[in-house]
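Numbering (this note's numbering), first residue to last: 9 to 238.
Hints are supplied without guarantee of correctness; some may be wrong.
Stated by the list, open to error - Here are the simulated DSS-like pairs of lysine-lysine, each with C-alpha atoms no more than 30 Å apart in a straight line: (1) Lys42 - Lys73; (2) Lys21 - Lys42; (3) Lys114 - Lys50.
Claimed, not checked - Distance windows between CB atoms, simulated: (4) Ser189 - Lys211: 36 to 46 Å; (5) Met238 - Ser44: 32 to 42 Å; (6) Arg194 - Glu166: 34 to 44 Å.
Just so you know, these hints were derived from the structure itself, not from any lab.
As the structure is a computational prediction, the values presented were derived from the model and not from experiment.
Where is the CB? At the ideal position from N, CA and C, for every residue including glycine.
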Amino acid sequence: MIILIGASSDIGKQLLPMLLENDEVLGTTRNSDKLSEFLECKNFTCAELDLMDKNSINSFCEIIKNLKGNITLINLSSISIDKLFLGYSSEEWDAVLNINLTGGIKILQTAIPVMMRTGWGRIINVSSVVAQSCVVGAAAYSASKAAVTAMTRSLAHEYGRFGITANSLVLGYFDTGLIHSLDETRQTAVLERIPSKQFGSCKDIYYAIEHIIKSGYLNGSEITIDGGLM
Numbered sequence: 009m010i011i012l013i014g015a016s017s018d019i020g021k022q023l024l025p026m027l028l029e030n031d032e033v034l035g036t037t038r039n040s041d042k043l044s045e046f047l048e049c050k051n052f053t054c055a056e057l058d059l060m061d062k063n064s065i066n067s068f069c070e071i072i073k074n075l076k077g078n079i080t081l082i083n084l085s086s087i088s089i090d091k092l093f094l095g096y097s098s099e100e101w102d103a104v105l106n107i108n109l110t111g112g113i114k115i116l117q118t119a120i121p122v123m124m125r126t127g128w129g130r131i132i133n134v135s136s137v138v139a140q141s142c143v144v145g146a147a148a149y150s151a152s153k154a155a156v157t158a159m160t161r162s163l164a165h166e167y168g169r170f171g172i173t174a175n176s177l178v179l180g181y182f183d184t185g186l187i188h189s190l191d192e193t194r195q196t197a198v199l200e201r202i203p204s205k206q207f208g209s210c211k212d213i214y215y216a217i218e219h220i221i222k223s224g225y226l227n228g229s230e231i232t233i234d235g236g237l238m
């Protein structure tokens, strides 16, 4: 079973058909209408999840507790509020940290014991190259994604002995998702920093996920998929 947090995101919706070719998928969304084209797929289960709502998180964790077999947990949840640091309200800062980091903690704390019972698990958290570079207007996003990477390394050391691996996908710029929040001038500037002068494809993300699932020795790694971004 693959648990895909953020299945209705732009990247999630492109990954879903590829993931469904290999395993059952439990995908989360705040609005099931966004995944309407997948609802009839026999290997797909849709669950509503709001990472800003503790009751919603608790309800989703009850579903996880009852899962059987091997579990791969992929956390795609991500938002960015683009503004200078002094401009953030406490509510905006909290929203970014909750959705990108804190909201998923209880889900991990629920899923890991299930993985421990079977002696197998894969945790794949999605981070960003923005956490490794200086991007004006992305302080909250950068902080949340840097924390995701650090937490993932800790999980690898704590639970590797139970057959559970934890790795981060450090994503660059892709042809879908947050890239569309940039205006054309900024998109062109990003392309100039990529040797191939192309944005990535979700297939590139899927190939990395497939490799992580198959490998029991790849653990605590940051897999950067950025096309050689300079």
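Right, here's what the structure says about each hint:
| no. | hint | verdict |
| --- | --- | --- |
| 1 | Lys42 - Lys73 | 25 Å, holds |
| 2 | Lys21 - Lys42 | 9 Å, holds |
| 3 | Lys114 - Lys50 | 28 Å, holds |
| 4 | Ser189 - Lys211: 36 to 46 Å | 22 Å, violated |
| 5 | Met238 - Ser44: 32 to 42 Å | 40 Å, holds |
| 6 | Arg194 - Glu166: 34 to 44 Å | 39 Å, holds |
Hint violations for this structure: number 4 only, all remaining hints satisfied.
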